[in-house]
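All chains should be modelled from the sequences, with the hints used to inform the complete structure.
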Amino acid sequence: MARPVQSDLRTRLQEWIPKIVLAPSVASMLIFVYGFIVFTGYLSFTNSRILPTFDLVGWHNYWRLFQLPTWTIAVQNLAIFASLYIAICIAIGLSLAIFLDQKIRGEGLLRPIFLYPMALSFIVTGTAWKWLLDPGIGIEHTLHLWGWESFHFGWIKSSSMAIYTVVIAAVWQSSGFVMAMFLAGLRGIDNEILKAAQMDGASNWNLYRRIIIPQLRPAFLSAFVILAHLAVKSYDLVIALTGGGPGRATELPATFMYSYTFTRNEMGVGAASAVIMLMTIAAIMIPYLYAELKEPK
Amino acid sequence: MRSYIGRTLKMASVLALVAGSAQAKDVEVLHWWTSGGEAAALNVLKDDLQKEGIGWKDMPVAGGGGQSAMTVLRARVTSGDPPTAVQMLGFDISDWAQQGALAQLDKVAADGNWDAVVPEALQKFSKYDGHWVAVPVNVHSTNWVWSNKKMLADLGIEEPKTWDEFIAAMQKVKDSGKIALAAGGQPWQEATMFDGVVLSVGGPDFYKKAFIDLDPDALGGPQMVESFKRMEQLHSFVDPNFSGRDWNLATAMVINGEAAFQMMGDWAKGEFLRAGKEAEVDFGCFRTPGTADDVTFNADQFAMFKVGEDAQAAQDAMAKAVMSPSFQIAFNTVKGSVPSRTDVSDEEFDACGKKAMAQLKSASQNGTLLGSMAHGHADPASVKNAIYDVVTANFNGDYDAETAAKELVKAVSLAQ
Chain W
11 MARPVQSDLR
21 TRLQEWIPKI
31 VLAPSVASML
41 IFVYGFIVFT
51 GYLSFTNSRI
61 LPTFDLVGWH
71 NYWRLFQLPT
81 WTIAVQNLAI
91 FASLYIAICI
101 AIGLSLAIFL
111 DQKIRGEGLL
121 RPIFLYPMAL
131 SFIVTGTAWK
141 WLLDPGIGIE
151 HTLHLWGWES
161 FHFGWIKSSS
171 MAIYTVVIAA
181 VWQSSGFVMA
191 MFLAGLRGID
201 NEILKAAQMD
211 GASNWNLYRR
221 IIIPQLRPAF
231 LSAFVILAHL
241 AVKSYDLVIA
251 LTGGGPGRAT
261 ELPATFMYSY
271 TFTRNEMGVG
281 AASAVIMLMT
291 IAAIMIPYLY
301 AELKEPK
Chain B
40 MRSYIGRTLK
50 MASVLALVAG
60 SAQAKDVEVL
70 HWWTSGGEAA
80 ALNVLKDDLQ
90 KEGIGWKDMP
100 VAGGGGQSAM
110 TVLRARVTSG
120 DPPTAVQMLG
130 FDISDWAQQG
140 ALAQLDKVAA
150 DGNWDAVVPE
160 ALQKFSKYDG
170 HWVAVPVNVH
180 STNWVWSNKK
190 MLADLGIEEP
200 KTWDEFIAAM
210 QKVKDSGKIA
220 LAAGGQPWQE
230 ATMFDGVVLS
240 VGGPDFYKKA
250 FIDLDPDALG
260 GPQMVESFKR
270 MEQLHSFVDP
280 NFSGRDWNLA
290 TAMVINGEAA
300 FQMMGDWAKG
310 EFLRAGKEAE
320 VDFGCFRTPG
330 TADDVTFNAD
340 QFAMFKVGED
350 AQAAQDAMAK
360 AVMSPSFQIA
370 FNTVKGSVPS
380 RTDVSDEEFD
390 ACGKKAMAQL
400 KSASQNGTLL
410 GSMAHGHADP
420 ASVKNAIYDV
430 VTANFNGDYD
440 AETAAKELVK
450 AVSLAQ
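Residue numbers (the numbering used here), protein chains in the order written: chain W, 11 to 307; chain B, 40 to 455.
Take the hints with a grain of salt, since some may be wrong.
Computed spacing ranges between beta-carbons, pair by pair [what the hints assert, rightly or not]: (1) B:E319 with W:L66: 42 to 48 Å; (2) W:T137 with B:E348: 44 to 50 Å; (3) W:Q77 with B:L288: 18 to 24 Å; (4) B:S363 with W:T137: 18 to 24 Å; (5) B:E387 with W:S160: 53 to 59 Å.
Here are the simulated BS3-like pairs of lysine-lysine, each with C-alpha atoms no more than 30 Å apart in a straight line [said to hold, decoys possible]: (6) B:K316 with B:K217; (7) B:K445 with B:K247; (8) B:K188 with B:K200; (9) B:K359 with B:K316; (10) B:K247 with B:K163; (11) B:K213 with W:K140; (12) B:K359 with B:K85; (13) W:K140 with B:K217; (14) B:K316 with W:K243.
Examples of chain W residues lying across from chain B (beta carbon under 7 Å, computed) [unchecked claim]: (15) K167; (16) G253; (17) N275.
In case anyone wonders, no lab produced these hints; they're calculated from the structure. Every residue, glycine too, gets a C-beta built ideally from N, C-alpha and C.
Written out as structure tokens, the structure reads:
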């Protein structure tokens, strides 16, 4: 009889097909993600300039990197940008989520309105905000036309304030998305606990402070991780919004990496800065993954 | 590295053979001349080649300074499929030649007597190791000031000859409530002004010492401090909204009579002409005060890449066509620049073009035709950008003149 052989083949196929189907994507991941991470790491120890070369120069590129004022500016800007961006996005996202959670009318309409900025690319956001913030054509100009002559808002043209305009545009783009994450978290909380607390006479304020927000811990963590890596890799927003200017005032590590690698013909230094950025992200991601994995099943 | 490129090039020629000989008589040209006038000027070359039966495969990559074009080029060369010719500037040519990626044009050059007609300062970039590797298309110069004639006449301002007159003239414009200096706050534009300013402070010798020899004493010396001080003076005449503005928008301010002057290379002339303005009637052109007979230049060139033997004839024909006086005249009257050979008649050029051609010739003879720092003809990209960093920091008020000169020494030594 052929049946047992057939089923044997079938079980073996069932076992193998997923592996065969996954193999190409795993292989390409290994090469194009991890392989190139290793390659970049290697390049950061070579004296590559216009094209990759393979002459090792030790830690020289890292030494140069930390001597460069532009890199210092980029790192300082990242610190300002990332901390404000993450904090404000979480604050706005959480408040919006809590307000939307009050069983208000029109929630179905409001949710996508807040969420949709995320559907735009950062290039679009950057360009739109560039026009809005430009004193010559944007908000300031409009208010002058309306008669408020003394109004002044020139942050985007001032080297000390320009980085904050990047924060404004980025927050506008992402806080709706954070709201969606928190809303999902809020909806996942067990109603029984809330009812019990209400029976015990807890005020709304206490309800949120002591029961709901502590239960949102996973949502906070995911929001933080997503926002943090968006901040470290943000490039297109700055390019569209300020082009790194005025001067070099809004340079971020990602724009630094691109310009050193591709326009300044200093691929070695560019690779070194990329490695530093990867380390920064790893420093955020690894503890997170570790915490996720060791969590009891 | 050389062997790595060599290997990929060999692979490329094999691939080209396999791909068939249909493309053998085509030239593929990578460039970033995508604006209307520029494209029209390139059509002249296209037609010249068409007459010889050579097809033209256009490969335009938009983006002013050619940064995206260079990224595309890198990808093409590393994958072993370089275009025939690539628009390129200054040190990029030597960098690519150093990688062994460029073809030799010595035979065409000898036939056309290029050694005699092309200014020596340009040859430095067109040649590598004594061999011709690139064909210069035009010469732009960067130490120009463009002015709105009508506005100056209304305010009773003469064309300034010295720096002090220039400052006085701008003060007069500022007092009248108009913008004195139309500027775009992008690092390369600020560096373009700096070219002229350094030349006006220290003359050609100082310029050479500072930007070409990168002498630390010159870079950090009192003359450099003075140059940065003059940049601060200029900063006091720009409008508060200058930063991030594109250069052609700044030119438009002069065209429309919102601003009196712009310090910019002669590609700005193309904008005036396109707006229907006439040289020395509607707009004036003069060298940055104090630099009358000196010229800081940048030149667009077609770097010729190593292609298979079958495509070489087409490449040579293209090189010859680019250097032909008729193309040089047709192209440069549109582009605002001047021909890259000094033996061409200036008949068809306007007043500013005639002025530029005469000055180019005399500067070339006097040895004061200098590569522009701001446009990568004095230093390699890494040094150039290091200087940009300091210039833009000073212009935007982050460094005062003394600090800027000190930082300049440090930045340049780090980038070398």
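Requested in this report: Give me the numbers of the hints this structure contradicts, sorted from smallest to largest.
Outcome: 1, 3, 4, 9 and 14
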